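Residues -21 to -1, 1 to 176 in mature numbering (1 follows the signal peptide of the UniProt record, and there is no 0) are what the sequence shown spells out, letter by letter.
For the record, the hints were derived by calculation from the structure and aren't laboratory data. Please note that a few of the clues may not be correct.
What the hints assert, rightly or not - Label pairs and their computed distance ranges (CB to CB):
no. : residue 1 : residue 2 : range
1   : Gly122    : Glu74     : 27 to 37 Å
2   : Pro101    : Phe59     : 14 to 24 Å
3   : Glu71     : Asn27     : 36 to 46 Å
4   : Ala93     : Arg72     : 23 to 33 Å
5   : Glu71     : Asn121    : 13 to 23 Å
6   : Glu74     : Ala105    : 15 to 25 Å
7   : Lys33     : Glu109    : 15 to 25 Å
8   : Arg28     : Ala128    : 10 to 20 Å
9   : Asn50     : Tyr80     : 29 to 39 Å
10  : Ser73     : Asn121    : 34 to 44 Å
11  : Tyr80     : Asp108    : 30 to 40 Å
As the list claims (entries may be wrong) - With a straight-line Cα cutoff of 25 Å, these simulated BS3-like cross-link-like pairs (lysine-lysine) come out:
no. : residue 1 : residue 2
12  : Lys33     : Lys79
13  : Lys(-20)  : Lys33
14  : Lys79     : Lys112
15  : Lys(-20)  : Lys49
16  : Lys68     : Lys33
17  : Lys68     : Lys79
18  : Lys33     : Lys49
19  : Lys68     : Lys49
None of these values were measured; they are calculated from a predicted model. Beta carbons: idealized from backbone N, C-alpha and C, even for Gly.
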Amino acid sequence: MKNRILFLSFLFLLLSSGCMGGNNAPEKQGYFPVKNRTENTGETVNENREENVKTADHLAELAEAVNGVKNARAVVLGRFAVVGIDVDKDLERSEVGTIKYAVAEVLRNDPRGANAVIVADPDLNARLDEMRKDIIDGRPVNGIMEELADIVGRVMPEVPGDLDKPVPKDPAKREKETPNDGERQNPGNGQERSRQE
């Protein structure tokens, strides 16, 4: 019996000491460095005012080089640019469109003007002049950015990338559309059934 107790205590000591070496966890186990995120306040646009003004001047010079453009101005905020051109007021609408297209072709070849929006409306040009003055005077960019977005929204109310499927303006027609192309609504009982192909 004494040997048995001695054997069991030796076995217990051996097992408990054998497991002691595995308690040390690796130092970096489960360690993931956390990068602090900062809120986008638009200050990078503020910091780049001088560069944006230089880019705007460059885009205006390119636009003025096009035949038929009397004067040009541009507003650049970050990656957004709007170029306003003055043309002869007696020109036909199609001729103005041709001049705008020629300006777009010239700007497309310049990496800083490749995505610029071109306008030939006198009211919008006056707004662009005011915005340019506000940028040079150091006014807050948030208000200028909103006004720039308003101009672009007026010129291009629908962005081509957003036009996956035309949305009817009549609400009654919208309700009749199905949520899935593979299904249609049965006008008799309102239940959906799959199309026969």
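How the hints compare with the structure:
1. Checked against the hint of 27 to 37 Å, the C-beta distance between Gly122 and Glu74 comes to roughly 35 Å, which is consistent with it.
2. About 22 Å separates the C-beta atoms of Pro101 and Phe59, a value consistent with the hinted range of 14 to 24 Å.
3. At about 39 Å, the beta-carbon gap between Glu71 and Asn27 stays in the expected band of 36 to 46 Å.
4. About 25 Å separates the C-beta atoms of Ala93 and Arg72, a value consistent with the hinted range of 23 to 33 Å.
5. One distance hint, 13 to 23 Å for the beta-carbon pair Glu71 and Asn121, is violated here, with the actual separation near 39 Å.
6. About 22 Å separates the C-beta atoms of Glu74 and Ala105, a value consistent with the hinted range of 15 to 25 Å.
7. Against the hinted window of 15 to 25 Å, the Cβ-Cβ separation of Lys33 and Glu109 comes to about 20 Å, which satisfies the hint.
8. The given range of 10 to 20 Å is respected by Arg28 and Ala128, whose C-beta atoms sit roughly 18 Å from each other.
9. Between Asn50 and Tyr80 the beta carbon distance is about 18 Å. The supplied range of 29 to 39 Å is therefore violated.
10. A C-beta distance of roughly 38 Å is found between Ser73 and Asn121, which places it inside the suggested range of 34 to 44 Å.
11. At about 23 Å, the beta-carbon gap between Tyr80 and Asp108 misses the expected band of 30 to 40 Å.
12. Of the supplied pair hints, the one linking Lys33 and Lys79 holds, its CA atoms being roughly 22 Å apart against a limit of 25 Å.
13. A hinted pair counts as satisfied when its Cα atoms are at most 25 Å apart, and Lys(-20) with Lys33 does not qualify at roughly 96 Å.
14. Between Lys79 and Lys112 the CA atoms are separated by roughly 24 Å; this keeps the pair inside 25 Å, and the hint holds.
15. Pair hint Lys(-20) plus Lys49 does not hold up; C-alpha atoms about 113 Å apart against a cutoff of 25 Å.
16. A C-alpha spacing of about 29 Å is found between Lys68 and Lys33, which places the hinted pair above 25 Å, so the restraint is violated.
17. For the hint linking Lys68 to Lys79, the alpha-carbon distance of about 14 Å falls within 25 Å, and the restraint holds.
18. The suggested pairing of Lys33 with Lys49 holds, with an alpha-carbon distance near 20 Å, which does not exceed 25 Å.
19. For the suggested pair Lys68 and Lys49, the alpha carbons sit about 11 Å apart, so the restraint of at most 25 Å is met.
Checked against the numbered hints above, the structure violates hints 5, 9, 11, 13, 15, 16; every other hint is satisfied.
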